[in-house]
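Number of protein chains: 2
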Amino acid sequence: MSILVVGSVAFDSIETPHGAVDHCLGGAATHFSLAASYFTPVRVIAVVGEDFTAQHEAVLTKRGVDTQGIERAKGLSFHWTGSYEGNMDEAKTLGTDLNVFQTFEPKIPDAYADSKFLFLANIDPALQARVRSQMPQVRMVCGDTMNYWIADHSENLAKVLRDLDVLLINDGEVRMLADERNLVLAAEKVLSMGPKTLVVKHGEYGATAFFSDRSFGNGTKISRPFRAPALPLAEVVDPTGAGDSFAGGFYGYLASQPELTPAVFRTAMFYGGVMGSFAVERFGTERLQSVTREEIEERFNLFKEISHLEGA
Amino acid sequence: MSILVVGSVAFDSIETPHGAVDHCLGGAATHFSLAASYFTPVRVIAVVGEDFTAQHEAVLTKRGVDTQGIERAKGLSFHWTGSYEGNMDEAKTLGTDLNVFQTFEPKIPDAYADSKFLFLANIDPALQARVRSQMPQVRMVCGDTMNYWIADHSENLAKVLRDLDVLLINDGEVRMLADERNLVLAAEKVLSMGPKTLVVKHGEYGATAFFSDRSFGNGTKISRPFRAPALPLAEVVDPTGAGDSFAGGFYGYLASQPELTPAVFRTAMFYGGVMGSFAVERFGTERLQSVTREEIEERFNLFKEISHLEGA
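Protein chains in written order, with this note's numbering: chain A, 841 to 1152; chain B, 841 to 1152.
No false leads were mixed into what you were given.
Remember, identical chains collapse to one label, so a pair may be satisfied in a single copy or spanning two.
With a cut-off of at most 25 Å between alpha-carbon atoms, the simulated DMTMM-like pairs for lysine to aspartate or glutamate come out as follows:
(1) Lys1144 / Glu1028
(2) Lys1029 / Glu1075
(3) Lys1029 / Glu1121
(4) Lys932 / Asp1019
(5) Lys947 / Asp964
(6) Lys1036 / Glu1075
(7) Lys956 / Asp906
(8) Lys1144 / Asp1053
(9) Lys1144 / Asp1011
(10) Lys1144 / Glu1099
(11) Lys956 / Asp1053
(12) Lys999 / Asp1053
(13) Lys902 / Glu1135
(14) Lys932 / Asp1011
(15) Lys1029 / Glu1145
(16) Lys1061 / Glu1137
(17) Lys1061 / Glu1075
(18) Lys956 / Glu897
(19) Lys1036 / Asp954
(20) Lys914 / Glu890
(21) Lys1061 / Glu1138
(22) Lys1036 / Glu1145
(23) Lys1061 / Glu1135
(24) Lys1036 / Asp1003
Treat the hints as calculated values from the structure; they're not laboratory data.
Let the sequences and hints guide you as you build the complete structure.
See below:
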């Protein structure tokens, strides 16, 4: 079933030990959409400027992504400049030009109204809440956020969290949100804020899902967490968008399944890792544009092989 | 088959957010022996001082550990003082009194000569090499080391590494030893130094094994790494000895099996995680003295459940 994603479609200027790119297509909604598009139809709500060309749009439409919710505004698109050093586990932001994103007012096209899966990418929680309230009929809502919103927009964020099915954030963010260093205690605290399920991304160490009594609507009780591996990679060319690609693979798979079961959720975590591992192999969206479904299945099997006792 | 371990039997004075203990029984060889004792017979070579009582020895002998290789010397036993703060992912050493360990000359009792599995716990690589050379007939040698030996005793360490079947160290150590930030590249470099297999411990994120062409003597080729999870724990009382307990569970299981196969190696990685997860539940050796084989199997299944797609 279709996923509706609201978030940034932007340009990134990135420098890593493997090279540099200037104004390549990026943004959370872009990475998410491409990754999810291999599993399920995706519809995007975003705003771009006059520098967003037909060629940029084709990157999304070629993957079947519905772009009619991408609004064109006067001015330039959101532009992020950043660099990675050493082990590249943290981005250093050198510049954030919000441009047309500054006055972004998400509008939901009528054709998107029947979307059953909503993804609130990492944007102002006030905007996340506004989109959410316009989609009362969705079956599932998954969301992301970041340190900036946790620190300075906690009231608006709290409203979004109350109503989330899945919150997908990284280690540092969950510890910051809970103000607690222990991951399990932090996860419990975050689950008490509203999300039915919490997925914590650990970068090169994989991801952990924490479940509440409300994780599975069908009465399934799961109290154990679930850990999915990341693929050890000899070369990470550009980590930008890895988390959004994880989210896309994860949520795209979930949305493609008839029912949310523990097995489906676990498999989705693996597909998240798979799409994240592809994303970092090239700069920008390059790898996610060209990966094939066969390569995805092959890598899924590789993830199983490196983590399952009977895998070899 | 029997494991021979050489390493420290010591006293630890530890402070963590959960309390403090003074002069509790510790040391790498102690934690290793207790953890391994649930899988296979263990023989210890170490030196202790006059403060090591029959009661301390009984902690080991009650678990069937052969202590005739523990030499008594005049003076006090090795004593480590340390503390953990915050997320407790790093120990802060407040004092290291080598005492009788300063002049330790490992001697191998005749009764130990037929040991087929040797574990070189984290001690001076010159001593590790000396013990190794006296045990030419062993089937397998597994070793540990730490930043201090990597930095200041690299020549002696290089000699030990050349001849190791398995090197078991943590993330920071492998990156330091290889002088390389990327884990895969660092692992490749360390494998080129000699160890047939490298197991990297990631603390709360589990562990990864990297295999070389020489990992399995029987012609089995494995180029994929293997990742074992750690159990997310709401309470870590005392992380001291977690790595040694991992090594004990891992190597104890390996030594208990008739043959080294990829499946045996994977299972050993899981048992390593299991024993590490018990070790941190109480101060010092308390938990590893009292755990039962049933609890170990139960937790092994839990590790499988939290990491396997079909686990729930």
